[in-house]
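**Student:** Can you build the whole structure from these sequences, using the hints too?
Protein sequences appear in the order of chains L and X.
So that you can map any letter, position 89 of the first sequence is 89 in this note's numbering, and since no number is skipped, the others follow by simple counting.
Count along the second sequence from 1, then add 1000; that gives the number in this note's numbering.
Don't read these hints as lab results, they were simulated from the structure.
Keep in mind that a hint or two might mislead.
[What the hints assert, rightly or not] Here are the computed lysine-lysine pairs in the DSS-like style, where the Cα-Cα straight-line distance is at most 27 Å:
{"no.": "1", "chain 1": "X", "residue 1": "1209", "chain 2": "L", "residue 2": "13"}
{"no.": "2", "chain 1": "L", "residue 1": "2", "chain 2": "L", "residue 2": "13"}
{"no.": "3", "chain 1": "L", "residue 1": "265", "chain 2": "X", "residue 2": "1216"}
{"no.": "4", "chain 1": "X", "residue 1": "1197", "chain 2": "L", "residue 2": "2"}
{"no.": "5", "chain 1": "X", "residue 1": "1197", "chain 2": "X", "residue 2": "1209"}
{"no.": "6", "chain 1": "L", "residue 1": "265", "chain 2": "X", "residue 2": "1102"}
{"no.": "7", "chain 1": "L", "residue 1": "8", "chain 2": "X", "residue 2": "1197"}
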Amino acid sequence: MKKRKLLKTIQKKFLIYVPLTLFALFMMGPFLWLISVSLMPGKNVFSFPPAIFPTFIDFKNYVDVWRYMDFLKYIWNTVIITFFGVIFSILLCSLTAYPLAIFKFKGKNIIFVAMIATMIIPAAAGLVVNYLTINKLGLINTFTGVVLPSLVTVFNVFLFRQAFMGIPSDIRDSGKMDGASEFRIWWQLMMPMIKPAIAVVALFEFMASWNSFLWPIIVLNTDKYPLASALSTLNGQFSYNFGWIAAGTVISVLPIIIVFLLTQKYFMEGISGAIKG
Amino acid sequence: MKQKRVAKLSRFSEVQTAWLFMGPGLILLALFTFWPIIYSVPLAFTNYSVIGETSFVGFENFKRAFSDVNFIASIKNSLLYMIIVPFIQILSILMAILVNRKIAGIKFFRAAFYIPVVTSMVAVSIIWGWLMSSNGVLNYTLLSIGIINEKINWLSDKDTALWAVMFITLWKGLGYYMMIYLAGLQAIPSDCIEAAKIDGASNFQVIRKITIPLLKPYVFFCTLISLMAAIRVFDEVFVLTSGGPGNETLTSSLYIYQQGFEVFEFGYSSALGIIISFIIMFFSIFIFLFNKKGGVNPY
Chain L
1 MKKRKLLKTI QKKFLIYVPL TLFALFMMGP FLWLISVSLM PGKNVFSFPP
51 AIFPTFIDFK NYVDVWRYMD FLKYIWNTVI ITFFGVIFSI LLCSLTAYPL
101 AIFKFKGKNI IFVAMIATMI IPAAAGLVVN YLTINKLGLI NTFTGVVLPS
151 LVTVFNVFLF RQAFMGIPSD IRDSGKMDGA SEFRIWWQLM MPMIKPAIAV
201 VALFEFMASW NSFLWPIIVL NTDKYPLASA LSTLNGQFSY NFGWIAAGTV
251 ISVLPIIIVF LLTQKYFMEG ISGAIKG
Chain X
1001 MKQKRVAKLS RFSEVQTAWL FMGPGLILLA LFTFWPIIYS VPLAFTNYSV
1051 IGETSFVGFE NFKRAFSDVN FIASIKNSLL YMIIVPFIQI LSILMAILVN
1101 RKIAGIKFFR AAFYIPVVTS MVAVSIIWGW LMSSNGVLNY TLLSIGIINE
1151 KINWLSDKDT ALWAVMFITL WKGLGYYMMI YLAGLQAIPS DCIEAAKIDG
1201 ASNFQVIRKI TIPLLKPYVF FCTLISLMAA IRVFDEVFVL TSGGPGNETL
1251 TSSLYIYQQG FEVFEFGYSS ALGIIISFII MFFSIFIFLF NKKGGVNPY
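**Tutor:** Structure follows, in structure tokens:
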């Protein structure tokens, strides 16, 4: 009897772990293979049958591509773009969202509807005009020019608005009673209460800035490229040197994967909070 | 009387504070979101480009668009791209159900499913570009299992290119939707499921009768998001195929970009953007109506 029960739990576990493992292989397999390629010096990914596992492990590709590319510079560029992108997105979007959520004033609904309407415009449609604008502002080849157009996005404003609307109005009233200015209420009372929303915007903004490549290519010169843009040029230049590109790709995705793994908990909570809200 | 005046005064200052708060954000939105939209309308009626003088051409650009084989193809491809939406929903719900339990190592699996989402499209495109090449691992695997008889050049074969890119989009996005559905699943009260189980419902019945109906709002939200994403698809086609072979993988976003930044026909590019916006508007109104029926407001 006991044995049968044990058998059943084993069977149940099997039924869960097998599909989980298959899915995990499907999602992670390409990355594992990429790492494998990056550790095989002088191998051609297009030889047939293709090399899947390295026969010996060698970090030569990493050393070479690191020397050639000056990755530290690209990582630094990416860090700057991402840092300012995230900080100012949070500040500006929450400042914009706060009155939209809490205040009563004329024109609120018009602003709101106008914002929703912009979400239907195809991504590429604004590029040309934005380029002309950035050019006119004299921001070509500056990090400001890269960051500025995407600082305030309708999506983030809505996320913050939703979060602010969830805060009971007593809190703002009590702040007012104590004579706090609206700015202080926003910064000292409201912002701490919407930490989950801040975490979501921070993480999504982090991902978007870290991975952006097209706009930086349009606005910046090669030496100011962030990682993703640099990677796409490396791929274009050395399409035959697979080990290098593989190593470069691994280097470029490693930081964000590490950040993701460290903040996984907030990702989860954040997304659920954003949707439920 | 005096009190009324004070109230009125403070209300006036509330409007002012509102605009002070929103000022910086609205200026940026106006400059980089509204201005491109507004400015693209007059542009669409001109022949503005890097060469030659700009002049008003009336509806010329729009007429040209509807007889432009590439543009028609790009719209067709963008519409075809929407086919992945139901597949994304089904697969990601399945994944969410799989990872929605407290067992050893489940955190690892959740992370594994989500890693493609956080990775840049450039990196993903490089990897899948290699995997899908004619001598790549994909062909090797399929040949050895016996699913295909000869090598297929997935990304440059006319019949498979669009499907191959669509597959990459799907693969990269799955984790994102899985997380949303997982959040939805965890919002379902567990006593609801327990009660059903006590009444003798099977696992399958629970999924069909309780889980799926309660997930409905999330399905609407995800459908909306993934439809928008399907129409906006850009990065993967830009890196992997740049629209080829022929115009098999030319999506509307990519074509707008090409007309703007490769051919520098700003006027024509703007006209294309306007046409596509109208098409997207049609779909979003459609979904928003659906959405209302489902009783959920994602924002």
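**Student:** Please work out if residue 265 of chain L and residue 1102 of chain X have their alpha carbons no farther apart than 27 Å.
**Tutor:** Distance ~15 Å between residue 265 of chain L and residue 1102 of chain X Cα, so the pair holds.
**Student:** Does the structure keep residue 1197 of chain X and residue 1209 of chain X at a Cα separation of 27 Å or less?
**Tutor:** holds, 12 Å
**Student:** Can the restraint linking residue 2 of chain L and residue 13 of chain L be considered satisfied, given a maximum Cα separation of 27 Å?
**Tutor:** Holds - the C-alpha atoms of residue 13 of chain L and residue 2 of chain L are around 17 Å apart, at most 27 Å.
**Student:** Need the status of pair residue 1197 of chain X, residue 2 of chain L: alpha-carbon distance at most 27 Å?
**Tutor:** Since the Cα atoms of residue 1197 of chain X and residue 2 of chain L sit roughly 23 Å apart, the hinted pair holds (cutoff 27 Å).
**Student:** Need the status of pair residue 1209 of chain X, residue 13 of chain L: alpha-carbon distance at most 27 Å?
**Tutor:** With a Cα-Cα distance of about 24 Å, the restraint between residue 1209 of chain X and residue 13 of chain L holds, given a limit of 27 Å.
**Student:** Does the alpha-carbon distance linking residue 265 of chain L and residue 1216 of chain X stay inside the 27 Å limit?
**Tutor:** Within the cut-off at roughly 25 Å; holds.
**Student:** Does the structure keep residue 8 of chain L and residue 1197 of chain X at a Cα separation of 27 Å or less?
**Tutor:** Within the cut-off at roughly 18 Å; holds.
Hint check: no violations occur; every hint is consistent with the structure.
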